[in-house]
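Novice: Put the two chains together into one complex, using the hints given.
Line by line, the protein sequences are chains A and B. Counting from 1, one number per residue, gives the positions in the first sequence under our numbering. Counting from 1001, one number per residue, gives the positions in the second sequence under our numbering.
Read the hints as simulated data drawn from the structure, not as lab findings. Keep in mind the model is a prediction, meaning the values are calculated, not measured. No incorrect hints appear here.
Just so you have them, the derived chain B footprint on chain A, three or more residues with Cβ under 8 Å: (1) 295–309; (2) 369–377.
Below, a list of computed lysine to aspartate or glutamate pairs in the DMTMM-like style, where the Cα atoms sit at most 25 Å apart: (3) A:K306 - B:E1276; (4) B:K1268 - A:D185; (5) B:K1225 - B:E1207; (6) A:K306 - B:D1333.
Take a look, some chain B residues computed to stay more than 10 Å from chain A by CB distance: (7) K1014; (8) K1181; (9) K1221; (10) I1233; (11) S1274; (12) I1380; (13) G1382.
We treat Cβ as the ideally placed atom computed from N, Cα and C, and that holds for glycine.
Each chain, letter by letter, is given below.
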Amino acid sequence: MTDFLSNVRIRSGNQMVAEGALRAGCKFFAGYPITPASGIYKTMIDMLPGKGGVALSAPDEISALAYCVGASLRGQKAMTATSGPGWALMTETVQYALMTETPVVIAMVQRLGPSTGGATQNAQGDVLLVENCTSGGYTIPVFTPSNPVECYELTHLAFTWSELLRTPVVVMLDKEVGMTSEDVDYMRIHDLTTLSRQRIAQSGNGSNGNVDTYYFEHPEDVPSFVPVGGKIKTTVTGSAHNKAGRLQKNSPETLEVLYHLQKKIDANANQMELVKRDVEDGARTLIVSYGITARTAREAVRRIRKNAEKVSWLNVLSLFPVPENKLRNSLHGIERIVIPEENFGGQYRSVIETLFDDQDIVGVNKIGSMITPDEIIAEVV
Amino acid sequence: MPQQYETYLVDGVKFPFCKGCGHTHSVRHLDKALAILQRDPTGINLVSDIGCIGLVDALFSGIHTVHTTHGRSTAFGVGIELADGILHDSDLKTIVILGDGGATIGLLHIVHAALLNVDVTVIVCNNYLYGMTGGQHSAFTPYDMVTTTTPSGNIIPPMDICSVAQSCEAGFVARTLATDKNLAGVLAKAIEYPGFALVEIMEICPEYGLKHGGIDGKKLKESIKEQNKPLGILVNRQDRTEFSVQYNNSIDTEAYERLKKKNEFTIKKEYTSSLERQAGVVIAGTAGERVQLSSYLLLNAAIASGLHATQKNDNPVTQGSGFSISEVILNQDEVYYTGIESPDYVVITSNDGLREITANGLLSRCTDETILLVDASLNIEGVKGRIKKLPLRKTFGADRAAVGGLGVCVGGAGIVPRDAFEREIEKRFREEGKKIISKIYELTDAKFFSENA
Ligand code: SF4
Ligand SMILES: [Mg+2]
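Here chain B stands alone, though its shape is the one from the complex (with noise of 0.2 Å):
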């Protein structure tokens, strides 16, 4: 005959709470709701918040609890719940329990973790107001209530918890009186429920609900029928899966198992680069246009010569729109500083990129010895370099400018040796990839870059 648990409250309980106050009323049920569920104590998880009710670890033995920042109760106890649920396939029931004020501060913890369905009940005692503060009102207190903040009396409608979690999904929603008899039964089944259950426990706080606001047990009955709350189990939904079975259920191994061998590719040295002295490349078009990708492509090539190599982008916040600038260093050494100070190779393919590096001052630090290609329909002045002009974006066609026009700049001026980039571009393009190599080569005339070497 297993142990039989009559209460989980620590012996000869004293509640440090007021007199009459509802959270008295709401721990007591609390604790017939778990001698109704006869869990080892160790297997229950309170987690509580910061106000009056955030005493409430305390009352309790055995069980473990988690006394938390306020409002933070529910995202702590979702963390505790989703690493007990995935990663240890206990099974722990966390409950959480706030008051007005704290689901108030953290109703997206609430909102999230009824979305998720994650095996946490929330208990949100609503008394109206803020008691251990002096009772301000919350986003909880009734149109005209005179609480310390209001003196008037409210002017803001009250939030409704519990359509809120109804409008996320929530399992299981329930609004009881904290006097209510059933609730302890409302409890345990809203503990049992396989997945994100919450309640709503309506209390009165004696010593400012009352005081200030008139609210005493009658009122409180009289103002929840006035904000048309109805009470009850309001939702006891069968069709939702908790998130742990979902999450593991959803876990596609073959799909892992194609990022981890992609992730594992390893370049191996194929080709070896003549490069004499640390070389950066800036490539200077439009988002959407590949800027990016071709940089990728020479980084790998070097790589692949047997050289350090660093890239680096810029794009404007939004990322598929405006200029695309993007930056490589290769050296036979370890690249250091991964700036560029004089940019060695610039390839333009688009006027974004050319207003963009301009006004970075990247093109102002150009010396006589950078070689410059320019798409054809681009105004350059004033640049110092060695400028050529190219019809880039008509040989190419817009997205293929960039990675043509650094295929003319490689090839060239020999950055990396011709075949390693080459390679990545049939690699990266396919059958299209040829006729980009032969387009390069049309384009590349080798005497520009000999009188320039």
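Here chain A stands alone, though its shape is the one from the complex (with noise of 0.2 Å):
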């Protein structure tokens, strides 16, 4: 039963991510239309310039987050929203931002690939794609909300972390989440607190008066932002550079730079940590899931525990940085991992068994149509 106190809307994913977008102060938003995300684009043109900020369409994935990094460097919260056929298209522009150091929050609403796949099919087969899209290998933060309250939520938090990391975040929903509607008691949301970029004190930080655009002492230190077009000069770009921004090849403070890219993020990883735990003394099975799939985990975790039998779950909502802490700590008197995915490979299972190598991990795939909650119930002992 819905509250006596409630403020129940009628809300999908999409249309939360835009919310969420909206709370975090997102001024500029661009998009291209596509299948199963253009709800986000819709409902960003509906609210965003009424809220003074920018939303405006682009001709292509390429220019809508180019857009938006434009308008980061200028100082602004930026996002788009897109699927894996954009997606595929915005992975130059996605490690621009990473190389820059440019904050931009991207949604990916996955739908069943490869290629153009099933524009209206569901599916978890980007999840890979998404986190391995650099060259290099850099984290790329990742959340997965599993409805409509979590896209609000987890879309302001990839703000949070996209501004103080200075990196560009994924919140990555499926199909299922972003274009089922249900019932949103907006008391349900917490309270969030809204952070933005540290800019640049007045007077300067680098050598000799000058302000080095990605000045940072201690290499996991995230550089003051100083915005294009502000009184202070920036020397931007996505080659290899130095601190003040200029191209080098190879020289100590150069790799100390490319160092820096990954150990900002790694040296946050464990705040960075958020995941939903249900975890039953005694159960020797724990279900490891996100996205739709850990609702219908939750799900069969309802039925098992109906049949008066132990089994615990986690929802992984920071899919990356692997939430390893917290998954270890999950891990007591746990016999057997069983991790569900709308993937045939089981994406995020090959990630998670090389962390835990001594657990029996197994996976419940399938590809075009929804895991069922028996389908996991059968794998769990």
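Specialist: See below:
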């Protein structure tokens, strides 16, 4: 039953991504239509200009993300939304954002691939495509909501980490999460604190009174942001560079910058860990899930417990960096980890397997239609 | 007396380009153009591309420089300028500089910038080839020119970027030689122009264009003539409004207020549902016949009855033809699993819908308890469940059959309180809604539903 003191609206996950972005102070959105992500584009077009922001169409996904990165370089919080085929076009610019330490949020609503695949069919097949999109293998933070409230909160959180770390962050949905509408009680949204990138102090930072666009003292530090177009000169580049933003080949300082891009994320990985847990004493199986299958898994758990049997459940909300500590802390007495995913290879499972090689890890995998609760139950001991 | 800027180049600048390269001329002229304009350096933003010309950012001092990826320079520049123009109201001037290779791979970005008329100046340094990667031909290479990738001479006509810009309503378009003494003045005009401006600078690349293609200064002029490419300021329109001005003027505050109000509509719990266990309802019909709308009405009614409910729709990739399927799940508790394993209620209004839920396996998952309300015109066989044939299309009309059929189902089976669903029908269909409701009563066979319960 919904609460007496409730504030209930009908919302899809896509709409809540847009609303979460607005709540985070997103001021710029450039979009390109693609099923199943178009709902985000439409909601931003409807709402952002009324809030004093810019929402506009781009002629392709490459431009959409490049416009967002440009707007962020100017100092504005920016987001775009796409699905697998659009993501394929964006990866060049995702890397540019990473290299230039430009905050930007990309909402990625998965559909069935490969190629144009099935526009209206669900899948969770882009997990590794998104995470492994950079030359060099840098960590792209990825958040995976499974319902509209999480869509709102995790998009807000994606902005927070993107701003604090100055790096591109992905909110990854799947078609079922993005396009299913349901009752959403706004009273259930947590209090959220909005944070923004640290801006440069007027006095500058670098050597001899100059401001180095990418200045940091320790490799894990995040440089203070200097907006392009402000009163302090910026030197932005997507090529290997020193702290001043000057193209350099293999100088010790350039290599330091390249390590720094990953170290700043590693240093915050513990803090970024986010899971929802329902651990039961005496359970021997832990179901690890994310996105829409987290809901399927939760239904499986409901049924298993109704039968007076024990099982534990963990919903990964911060897919990358992998929430290793929180996962490890959930393994007490666990003999088997079941990972349902709507992809055929078990993409997240392949990542988890490398971390917990002493565990019995099995997948429930399927493409073309939703995994059912009973299919998960069949793998639970 | 404000500071005078004689040059914006770094002290003792050393050009990284080969001897005689057109890029050196172009960059010097760009510097002179900036000196003509006498802007504060931080009021200038130079966005560069990949290729030999991409080395330009390190040659300037004091101005913002953004070195980007190949061909995307224009798109990044547009992003910066959109945010600057609309959200900052500063008078930053963004200049994009790229080669003919960058203009080839990033053509759409130039096209869109011109269409938007965003305040960006794009300088295309056209030396007919890709210098940095070894003299390969580009989309700008003239007929017959020998490059490292056209050893028998180029057989593809060269692109005319000025014509492209012009056809995209660019407000300012010019083409000059890199050695033209008026180039600085032309560039200054382009940068000053309040909107999109494009300048194509015709250059030679001594390293490849001259060595392989024989393009020296004289040949360059001849080839421009052969290509029928006029020189000089080709377009200077006063009739276009710069994009940020147009964008800000276009904002209809009242329209956004209305959208906001509509969006903030909340549903109050005004009914009580006696639903005992989760129910899965499927409506299958034809696109354009209000299938998804009718299940949306059910969703509203369910939530107004204090239930949790989900709705999802399916249709072919085209939106307005073929089947339309909608699934609604209702529960007193939170709905976790959003799929329907075995449907409790199925309303089928057309052959499109019947075919689809047969093909996707949903019909085969019906159980003996499933209630199916099926339009009288349809043949349905070998399906489990209690089937009731009703003249839905005949009674309600094609585009009201879904809402009518669902009304019969809701009312008869008591999925949600009758009043709650009827209120939604009246809200949506006004006067006509009353007629729909009375027809729903006529078609509801209480005995069928009570036998089932
Ligand atoms: S290769 Fe050609 S374009 Fe590049 S610097 Fe040398 S002459 Fe100039
Ligand atoms: Mg060239």
